[in-house]
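Each chain, letter by letter, is given below.
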Amino acid sequence: MEETDREEKVHIAPVGDEALLVEFGERIDETINRRVHLLKKRLDKTGIRGIRETLPTYRSLLIFYDPALLSYRRLCRKLAGLLKVEETQTVGGRQTAGKAQTVGSRQVAGKAQTVGGGQATEENQAVGGILAVPCCYGGRYGPDLVDMEKALQITADEIVRLHYGVDYKVYMLGFLPGFPYLGGLDERIRMPRLAVPRTKIPARSVGIGDSQTGVYPVDSPGGWRLIGKTPLDFYCPQKEPPVLCRAGTYIRFVPVDEKAYEAIRKDVESGVYRPEYIS
Amino acid sequence: MEIISAGPLSTVQDTGRFGYLEYGIGQSGVMDRDAFQKANALVGNRDNEAVIETTLLGSAFRFDKDTLIACMGADMQGRSETDGRIVERGRAFPVRAGETVRFGMAKCGVRGYIAVAGGIDVPVVMGSRSTDCKCRIGGYEGRKLKDGDVLSVFDADLSEKARKRLLKKSFSPLQYGADIVLRVIPGPQIGYFTERGIQTFLETAYEVTSESDRMGIRLRGPVIEGKGGMDIVSDGITFGSIQVTSSGLPIILAADHQTTGGYAQIAVVAGRDLPYLAQARPGDRIHFQKAAIEDVQRERKNRWYRW
Chain A
1 MEETDREEKV HIAPVGDEAL LVEFGERIDE TINRRVHLLK KRLDKTGIRG
51 IRETLPTYRS LLIFYDPALL SYRRLCRKLA GLLKVEETQT VGGRQTAGKA
101 QTVGSRQVAG KAQTVGGGQA TEENQAVGGI LAVPCCYGGR YGPDLVDMEK
151 ALQITADEIV RLHYGVDYKV YMLGFLPGFP YLGGLDERIR MPRLAVPRTK
201 IPARSVGIGD SQTGVYPVDS PGGWRLIGKT PLDFYCPQKE PPVLCRAGTY
251 IRFVPVDEKA YEAIRKDVES GVYRPEYIS
Chain B
1 MEIISAGPLS TVQDTGRFGY LEYGIGQSGV MDRDAFQKAN ALVGNRDNEA
51 VIETTLLGSA FRFDKDTLIA CMGADMQGRS ETDGRIVERG RAFPVRAGET
101 VRFGMAKCGV RGYIAVAGGI DVPVVMGSRS TDCKCRIGGY EGRKLKDGDV
151 LSVFDADLSE KARKRLLKKS FSPLQYGADI VLRVIPGPQI GYFTERGIQT
201 FLETAYEVTS ESDRMGIRLR GPVIEGKGGM DIVSDGITFG SIQVTSSGLP
251 IILAADHQTT GGYAQIAVVA GRDLPYLAQA RPGDRIHFQK AAIEDVQRER
301 KNRWYRW
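Protein chains in written order, with our numbering: chain A, 1 to 279; chain B, 1 to 307.
Please keep in mind that the hints were generated in silico from the structure rather than gathered at the bench.
None of the values given here were measured: they were computed from a predicted structure.
Incorrect hints may have been included.
[To be verified] To give a feel for the contact side, a few chain A residues facing chain B, derived at Cβ under 7 Å:
1. A13
2. V15
3. G16
4. D17
5. E18
6. L21
7. I28
8. P56
9. R59
10. L176
11. F179
12. C236
13. P237
14. A260
Using N, Cα and C, we set each Cβ at its ideal position, and we do this for glycine too.
Using the sequences provided together with the hints, build the complete structure.
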């Protein structure tokens with residue numbers, strides 16, 4: 001896999017005359033995602049005049065610029081320079097990425113230690129650990145758990161255990177404000193989206209959509225299977241930053257009962273709750 | 001100023017919100033930057049003062065002090081309720097304290113822009129005054145305007161000399177026809193489409209459907225042939241991105257689009273042509289014309305405006 005990655009060429013393409021896409025690959029892959037964020041960091045540091053903002057996704061970086069100040073050609077040349085720097089540091093970068101990949105794909109028990117221990121990634125050092133996300137599974141908060149039990153032939157308890165037993169990487173935010181696209185869901189609890197999407201999913205619902213899992217930050221229509229609800233706000237426009245987690249953060253769901261859920265929710269609403277990071 | 005009648009969708013907008021895409025918060029902002037910038041210039045505002053964007057049907061506003069307003073974009077047939085004077089697009093229009101100006105059904109175009117001397121004074125949220133209804137931020141309490149809302153307006157220099165100078169200014173509004181030519185630059189997933197598919201896209205007209213709003217303009221027409229599926233691993237998208245869904249029909253993303261999308265982008269509309277898209281009415285026909293990015297960017301350098 002590493003070998004194929006090495007072959008993967010960076011592809012630059014215009015997205016209209018005010019944006020440009022730097023594409024590192026076409027798959028969801030830890031190494032590719034890491035390169036996206038590396039370039040973003042480098043761009044933020046360099047501060048090229050004319051760049052309005054950048055949007056990192058799973059596999060690409062979309063760069064918005066002001067064509068009156070910066071032409072497509074000139075930006076391409078500048079990017080080629082920055083990407084060359086990346087190449088020379090690839091060896092080091094790839095090693096880290098390789099480790100992160102092991103972390104992401106680690107299966108059952110003992111995984112938490114692996115992430116928390118020795119090899120904390122660059123991003124985790126920045127935020128100081130894995131973000132703990134309390135989640136009240138099943139019941140009225142997870143109405144689809146019953147159907148999943150039947151479809152997957154796994155008990156609800158086991159589904160829940162498999163869901164909170166993995167630390168998920170936030171690959172990107174998108175779709176809704178603060179909506180985290182999480183990678184690393186256990187294959188055994190993959191579940192196709194609802195054939196007919198719900199017209200309103202309550203904010204803070206935790207769901208599974210095929211091989212992805214995530215949290216709805218605001219009320220929204222959607223087709224993901226709902227398995228629980230978190231008392232934490234993933235989007236709060238009054239705060240700076242307005243979102244709970246950023247791309248690169250790792251999050252761990254921590255199962256809580258309804259009473260604990262209510263207690264945490266009260267703290268969140270009164271503003272005394274501080275997000276907890278597991279080191 | 002007071003909102004006497006908000007119409008179906010009136011919001012406060014400026015150029016847009018930059019720097020929050022990575023949090024899943026879009027840029028929003030005006031749909032028609034040409035009309036926006038000209039309306040502001042007519043009342044002596046700086047480039048990025050907030051204005052009101054109205055949609056298709058009537059709205060009415062009462063002004064609580066003597067000031068200048070200007071309307072651009074759709075021809076909403078504005079008229080003073082006090083003395084019947086007609087609000088001409090492309091020129092500043094003086095209003096008196098207590099005067100109400102009412103707008104009707106758009107005669108051409110869809111979105112009307114009303115700039116008030118000084119600019120609309122709503123709080124700057126994450127760097128912008130633009131309303132983003134989905135994220136519940138910006139504008140007036142993060143939502144569209146309702147009847148009875150009262151908006152503050154910044155003070156402006158309305159001395160006799162300034163008024164005279166501004167009342168002399170004029171712009172001719174863009175012509176909005178039923179056949180709209182949009183120049184497009186091939187998109188990052190053009191390779192997902194067959195030669196025939198690309199030919200269909202460029203050589204036939206697509207009709208604007210009524211399922212069009214600030215999030216996207218949905219089109220109807222011949223199916224665009226792809227090599228395989230249209231699904232991609234979600235990627236960044238922009239105002240003007242033309243996505244082709246699994247149905248084979250194109251959607252052009254607009255100002256309030258989601259920040260990421262999972263459909264192949266066949267092409268992207270040149271920024272200079274977005275104002276025409278913003279004013280496209282259901283039933284209008286869109287003709288896509290392939291353009292090279294170098295040509296589009298060269299042309300833009302020569303314009304007086306900065307977008």
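Violated hints - listed by number, lowest first: 12, 14
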